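Student: The listed protein sequences derive, respectively, from chains A and B. Residue numbers for the first sequence follow the working numbering, so the first one is 1 and each next one is one higher. Residue numbers for the second sequence follow the working numbering, so the first one is 1 and each next one is one higher.
Worth flagging that the hints you see were computed from the coordinates, not collected in a lab. Note that the coordinates shown come from a computational prediction; the quantities given were computed from them, not determined experimentally. A virtual CB, placed ideally from N, CA and C, is assigned to each residue, including glycine. Please note that a few of the clues may not be correct.
[Claimed, not checked] Calculated lysine to aspartate or glutamate pairs in the DMTMM-like style (CA-CA distance at most 25 Å, straight line):
id	chain 1	residue 1	chain 2	residue 2
1	B	Lys100	A	Glu326
2	B	Lys151	A	Glu326
3	A	Lys456	B	Asp116
4	B	Lys245	A	Glu453
5	B	Lys151	A	Glu453
6	A	Lys344	A	Glu326
7	A	Lys468	B	Glu235
8	A	Lys468	B	Asp177
[As the list claims (entries may be wrong)] Coverage of chain B stretches by chain A, computed from C-beta distances (three or more under 8 Å per stretch; other residues unrestricted):
id	stretch
9	41-51
10	66-73
11	147-160
12	192-202
13	239-246
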Amino acid sequence: MSKDIIEEFTSREYEHGWTTNIEVDAAPKGLNEEIIRFISAKKNEPEWLLEWRLKAYRQWTRMKEPTWPNVKYPPIDYQDIIYYAAPKQKARPESLEDVDPELLKTFEKLGISLVEQKRLTGVAVDAVIDSVSVATTFKETLAELGIIFCSFSEAVQKHPDLVRKYMGSVVPVNDNYFAALNSAVFTDGSFCYIPKGVRCPMELSTYFRINAANTGQFERTLIIADEGSYVSYLEGCTAPMRDEHQLHAAVVEIYAMKNAHVKYSTVQNWYPGDKEGKGGIYNFVTKRGLCAGEHSKISWTQVETGSAITWKYPSCILKGDYSSGEFYSVAVTNNYQQADTGTKMIHIGKGTRSRIVSKGISAGHSQNSYRGQVHVLKRAEGARNFSQCDSLLMGDKCGAHTFPYIDVENNTAHIEHEATTSKIGEDQIFYCQQRGIDEESAVALIVNGYAREVLKQLPMEFAVEAQKLLALTLEGSVG
Amino acid sequence: MLSIKNLCAKIGDNQILNGIDLEVKPGEIHAIMGPNGSGKSTLASVLAGREEFEVTDGSVEFLGKDLLAMSPDERAREGIFMAFQYPVEIPGVSTVNFMKTAVNQVRTHRGLPALDAVSFLSLMKEKMKLVDIDQSLLNRSLNEGFSGGEKKRNEIFQLAMLDPRLAILDETDSGLDIDALRIVADGVNKLMTKDKSIIVVTHYQRLLEYIVPDFVHVLYKGKIVKSGGKELALELEAKGYDWVKDSVAA
Numbered sequence: 001m002s003k004d005i006i007e008e009f010t011s012r013e014y015e016h017g018w019t020t021n022i023e024v025d026a027a028p029k030g031l032n033e034e035i036i037r038f039i040s041a042k043k044n045e046p047e048w049l050l051e052w053r054l055k056a057y058r059q060w061t062r063m064k065e066p067t068w069p070n071v072k073y074p075p076i077d078y079q080d081i082i083y084y085a086a087p088k089q090k091a092r093p094e095s096l097e098d099v100d101p102e103l104l105k106t107f108e109k110l111g112i113s114l115v116e117q118k119r120l121t122g123v124a125v126d127a128v129i130d131s132v133s134v135a136t137t138f139k140e141t142l143a144e145l146g147i148i149f150c151s152f153s154e155a156v157q158k159h160p161d162l163v164r165k166y167m168g169s170v171v172p173v174n175d176n177y178f179a180a181l182n183s184a185v186f187t188d189g190s191f192c193y194i195p196k197g198v199r200c201p202m203e204l205s206t207y208f209r210i211n212a213a214n215t216g217q218f219e220r221t222l223i224i225a226d227e228g229s230y231v232s233y234l235e236g237c238t239a240p241m242r243d244e245h246q247l248h249a250a251v252v253e254i255y256a257m258k259n260a261h262v263k264y265s266t267v268q269n270w271y272p273g274d275k276e277g278k279g280g281i282y283n284f285v286t287k288r289g290l291c292a293g294e295h296s297k298i299s300w301t302q303v304e305t306g307s308a309i310t311w312k313y314p315s316c317i318l319k320g321d322y323s324s325g326e327f328y329s330v331a332v333t334n335n336y337q338q339a340d341t342g343t344k345m346i347h348i349g350k351g352t353r354s355r356i357v358s359k360g361i362s363a364g365h366s367q368n369s370y371r372g373q374v375h376v377l378k379r380a381e382g383a384r385n386f387s388q389c390d391s392l393l394m395g396d397k398c399g400a401h402t403f404p405y406i407d408v409e410n411n412t413a414h415i416e417h418e419a420t421t422s423k424i425g426e427d428q429i430f431y432c433q434q435r436g437i438d439e440e441s442a443v444a445l446i447v448n449g450y451a452r453e454v455l456k457q458l459p460m461e462f463a464v465e466a467q468k469l470l471a472l473t474l475e476g477s478v479g
Numbered sequence: 001m002l003s004i005k006n007l008c009a010k011i012g013d014n015q016i017l018n019g020i021d022l023e024v025k026p027g028e029i030h031a032i033m034g035p036n037g038s039g040k041s042t043l044a045s046v047l048a049g050r051e052e053f054e055v056t057d058g059s060v061e062f063l064g065k066d067l068l069a070m071s072p073d074e075r076a077r078e079g080i081f082m083a084f085q086y087p088v089e090i091p092g093v094s095t096v097n098f099m100k101t102a103v104n105q106v107r108t109h110r111g112l113p114a115l116d117a118v119s120f121l122s123l124m125k126e127k128m129k130l131v132d133i134d135q136s137l138l139n140r141s142l143n144e145g146f147s148g149g150e151k152k153r154n155e156i157f158q159l160a161m162l163d164p165r166l167a168i169l170d171e172t173d174s175g176l177d178i179d180a181l182r183i184v185a186d187g188v189n190k191l192m193t194k195d196k197s198i199i200v201v202t203h204y205q206r207l208l209e210y211i212v213p214d215f216v217h218v219l220y221k222g223k224i225v226k227s228g229g230k231e232l233a234l235e236l237e238a239k240g241y242d243w244v245k246d247s248v249a250a
C-alpha cells in the first residue's frame, strides 16, 4: 500500500503551469554579437555595459559547458533559444496604475499582489516576467531610508556608478560557463543597496516568472549591503508547463561590508517537467556572496522543489576577518528531476565561521546530489566549519548522493562534517495514522519535521508557503 | 463495542492468528495474556490495521461497522487507539504539533470544529496533569531521546488527548519501573468511563494489579485457549504458562 501512496504523492500536478496571453516583444532566436547589441540597445545601456557584455560573450564562446555535475541531459542548442522577450508595454510604467492589468492579474494569480494597499505584510516586491521587471512596490517608503530597490535596468540608468563598481565583483564574468552566458545576455533582475547603518524595515523580494515559449531567462541580482546594514531578501519563481525544456541561468551577487548582515531566502518552484520527465526548466544558477568586511555575515536559505535540473551552489567568500557564512538547504526531487546542489564556503579571513545544513529528499525516479566545498586558506587562522548533510529517500527508484570536498591549508581550522541517509519509515507513517492522521498529512508532517531546521530559517510567511510546497511536491511518494 | 469472530491472520507465510473470538462490551476491561510468540501483539496490530499482517479469515465489527474494511487512520478516527509497545520517533515534529494535527483530524471526522491554539493549549494542560508529563517533553521531537518511561507516558498522554472509545494497550508495562507503572495505570483508570473499553495486552500480571480487568484471556498459538475473571491472571502468574500449554496439549 505504501507503494501506492508513493505513486499518488508523486503524481501531483504542477500548480502554476498556466500561461498569460500578453503581447511579447522578442528578439529573434539565437546568440551572436548582434543579439547582444540588440539587447543592450533595447535597454538603452551605456557603452561600458555593452563592452562588458561583449567581453563576456567572447569569453563564453571559448568556454566549455561543465560536465562534472551528477546530472544528465541532452545537449542544449544555444542557438535555438530566444534571449530577449518582454511583455509589450508602452514605456516602463512610472506607477502601478500604468502597469498592464493583464500582468497584474498574472501576479495576483500567483498569490503575489502588487497593489501595495492590498498587502498586509510589509514585503516589497520586484516582479520580473520573462526578461524584464514589470513593477517594484514600496519604492518610495524605502527611498526615505536611502534604500535603493529597483529593477536592474533602472539601476543601470539611475545608479550607474554603483552598478559599475560592484557588478562582477563577486561573480567575475568568466567565473563559469553559465555565469559568462548570463553576463553576456542578462536582461533584467533586481538591484538593492542598503546604506550604512540602515536596517531594512521590510522583506525585499523578487518574483520571477517565465511566460513566453522558447525563451531563456537570464536575470541578475545585485545586493550591496553597506557597513552595519541589514536586509532580508526573498526570491520566488514559477513557469508555465511546456513540453520543451527552458533554460534559466541567473547570477546573484551579494556584497557585504563591515558588520553587514544579508539573509537571502529562495523558494524555487520552476516547472519540474511532467511525470515522464518531459519538459521542465534547466536551472543553472550562480549565487555567491562576498563577506568583504570584518564581522559581516551572509546566510543563504533555499527550498528547492522545482526545475527538471538544478545546478546551483550558493556560496560565501569569507574574506573579512571574523565574517561568517551560512547555507541552509532543502532540495526535493520527484519523478525524473535531477538536482546537483550545495555550497562553497571559502575561508580567507581570520576567525571566519561557516555552517552548512543540507537536507535532500528524493522520490520517484529522481537523483539528488549534495555537492559542497569547504576551503580554508592559509591565513584563515582559527576558521571553523560545521556541515551536516542528510538525505531522505522515498521509494526505491530514486538516488541520493553526497560529494563533500574539504581543503584545509591552515592547521588551526576546525572542521566538522556529519552525514546521514534514511528512508521515510512505514513505522512512522503507521504511527501517525494510528492517531487519526491520514497518510498524506502524515508524510507532510514527517517531511516537514525532517526539514524543520532549514524551514525555521525562512521568514514567517515564506515558511508556511514552503511547508505547503514540500507537501505538494511529494504528494504520492511515500516509501 | 468490539466483536471479533474467527479472526485469522498471517505475516508472509507465517500463520499467527488461528481463529480468535472475542466480545468486548462498553465499560469492560479485557486482558490478553500469553507466552512470547502467542500472537498477542499481532492481535493488537491487526485491530489497529497494520499492513504487514494479512487477514486470512474472520470478521471484526467495531461499533457496528466493518473494522477490517477501514484504513488505519479511519479506525483511529472512529475511536480505536493503540498505545505502542515501541513508540516511534519522528524527528523535528514535536508532540504538541503532532497532537494538534491528530486532534483536529479526529475532531473534523466527528463533525466538530478544529480547536484554535488557545483551546488546544488548555486541553493539553488538563491532560498533561493526568499522566504527570512535563511541557518541555512535549515540545521536543516526538519520542526522540525519550526514556522508556517517558515514551509510555507520552502514549497515555496521547490517549487522553484523543479520547477514544476503545484503547488497546500493547505491553504498556514493558520497560516501566514501579512508579512509572503506577502513574501510567492511574492515568488510564481516570480516563475509563462506562461507555469506553480497554484491551490490555500484557505478558505479566503486574500491570493488572493497577488496571484491574473484568476478563482475562489466555492466548496460545494464535487462539484463545482459556478465559476467566481477574483471578485467572494470578493463577497464571503462580503456575506459569507451561500450565496452559500442558492443558492445551492434554
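Student: Please write out, lowest number first, the hints stated earlier that are contradicted by the structure.
Tutor: Structure breaks hints 1, 2, 4, 7, 8, 11, 12, 13.
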